[in-house]
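A.B. asks: Here are the chains, one letter per residue:
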Amino acid sequence: MGSERFEQRAVISGVGQSAIDRVVPRSGFQLTLDAVMAAIADAGLGVDDIDGLAMFPGGGAANLPGYANGNLYEVHDALGITTTWRQGQVEGMSLPFYAASQAVATGQARHVVVWRTVKEGSAARLAGGRPAYGSTHPEAEGPLAWLLPVGALSPVCQVAPYATRYMYEYGVTREQLAWIPVTQRLHASLNPDAVYRDPLTVDDYLGSRMISWPICLYDCDVPADGSTAIVISAVETAHDLRSPVRIEAMAGVIDGRPSWEQWEDMGRVGYATAAAMWARTDLTPQDVDVAQLYDGFTIEAVWWLEAMGFCGTGEAGAFVEGGARIALDGQLPLNTWGGQLSGGRLHAGFGHTAEAVRQLRGEAGERQVVGAEVAAVTNVGGIEAGAALLTRW
Amino acid sequence: MDASIGIPPAVTDETEQFWTNAAQGRLVIEHCLACGAESFPPRGMCRKCRGRSMSAVEVAGRGRVYSFTVNYQRWLPDLEVPYTIVLVEFPDHPGVRVIGRLRDGDPQRAAIGLEVEVGFEPGPGGFAIPSFAAVEGAG
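These protein sequences, in sequence, are chains A and B. For the first sequence, the numbering used here begins at 1 and goes up steadily by one. For the second sequence, the numbering used here begins at 1 and goes up steadily by one.
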């Protein structure tokens, strides 16, 4: 275990969200301000306490359909603050609080707000369906130059071959995988902010239309409009904070080829990250009370269950089958807000982090997991993975 | 099936040789003149020995499907669906994987381990895109 764990010099002090729905008729900029102001108040701070700002992604990816973070400097201007640290980032964004934790741990700032704003629900409506990745660009650049021209036009068809391979190698079935979206929908029914709250059955899942085999409609997260902001504070300010949450350990490792079609086996995308994270703590998978595991697709939550050691490789199908183990009263309550599959695609682990904080504070309302003291949070964006353990103050 | 609806690649100094050869029906990868390792996509550097002298060699033999997906979603107006996307590896070129379409129209034909021939078909923007065909009798 590292004796110098910078993440323990940082805390998550606040979380805030705008209205979240398939379509919210407000600009992304206003949603951002809604979330930022809510997060600052939630932390017990004033706007003038904020001296760092960060958003994911930075300007480079802002022109993808429905990426609605706005301009960091315009948010800065609206808040009327002075900052000593800022960041807009795509590469290296393994977790929403990763870089901000480094900033407050090293004294570059005391209270950093980081946000992610999506208007992908609105963008999907405008496009007459979920837009193709990169469809607003005349040409496919970087790693996408190999994917888009052959028709791998969405992360759905980019991740699907690895789901095919995983199911082939381990004999995992769609009937088993169905229990993740079905159970998460049950959780969403207890979350007033979730996008979809009506019951979902295994039969509904098996009867839904195929998007890119073997990934069906209910395996895909829900494009939504909404903003999530998180405040990261230096641990020495804890006495000023309403209800901070500790960052016990975190890591983000890339050990495979950083492109969707070249990763040797994307089912292993989280393994090195999880191993590095566990090496930074004395806690073990058995200590985790609640798991917020990134679920852009069902299969990503499957891979995280295995990578984090909650079950063995190839065993996640049996682990989730029937839903009991991942229910609110099960051994590992999974994505208790509904996850992105039902709660909405808030992206990049922001929704997962907000829910972990609420669970650890005991502020999760009807979906509260009794006695939640340790939460796992993971994020993955194809090749960029992050994992953390958060603990009650 | 028409594969020309879509988004063409941006061509860079590193990828120009690939697309130029593709237009002539040749699938080329990088070959390291120092250690002989092969790699793809082209980076101008050997991923094994970090040598900077790379030449292009053609992949001519058959490949095997590592995995696949059948895409049913019309991501863009006029996109013809369904079509099959395959990740293909080559027994004679270890460490090389190429993504492309499976040219045979029948989605039921796709399978892990399927033996395929290298080929191309007209893709977006007039580019020839990798497009593999199942070897007759394979399956």
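Source of the hints: derived by calculation from the structure; they are not laboratory data. Among the clues, some could well be false.
Said to hold, decoys possible - Distance condition first, Cα-Cα at most 20 Å in a straight line; then the derived EDC-like pairs of lysine to aspartate or glutamate:
| id | chain 1 | residue 1 | chain 2 | residue 2 |
| --- | --- | --- | --- | --- |
| 1 | B | K48 | B | E115 |
| 2 | B | K48 | A | E175 |
| 3 | B | K48 | B | E14 |
| 4 | B | K48 | B | E80 |
| 5 | B | K48 | A | D255 |
| 6 | B | K48 | B | E38 |
A.B. asks: Hints first: check each against the structure and report whether it holds.
C.D. replies: Structure-based check of each hint:
1. B:K48 to B:E115: Cα-Cα ~27 Å, so violated.
2. B:K48 to A:E175: violated, 42 Å
3. B:K48 to B:E14: The given pair, whose Cα atoms are some 18 Å apart, holds under the 20 Å limit.
4. B:K48 to B:E80: violated, 40 Å
5. B:K48 to A:D255: Holds, because 15 Å separates the two Cα atoms, which is no more than 20 Å.
6. B:K48 to B:E38: holds, 9 Å
Hints 1, 2, 4, counting from the list given before, are not met by this structure.
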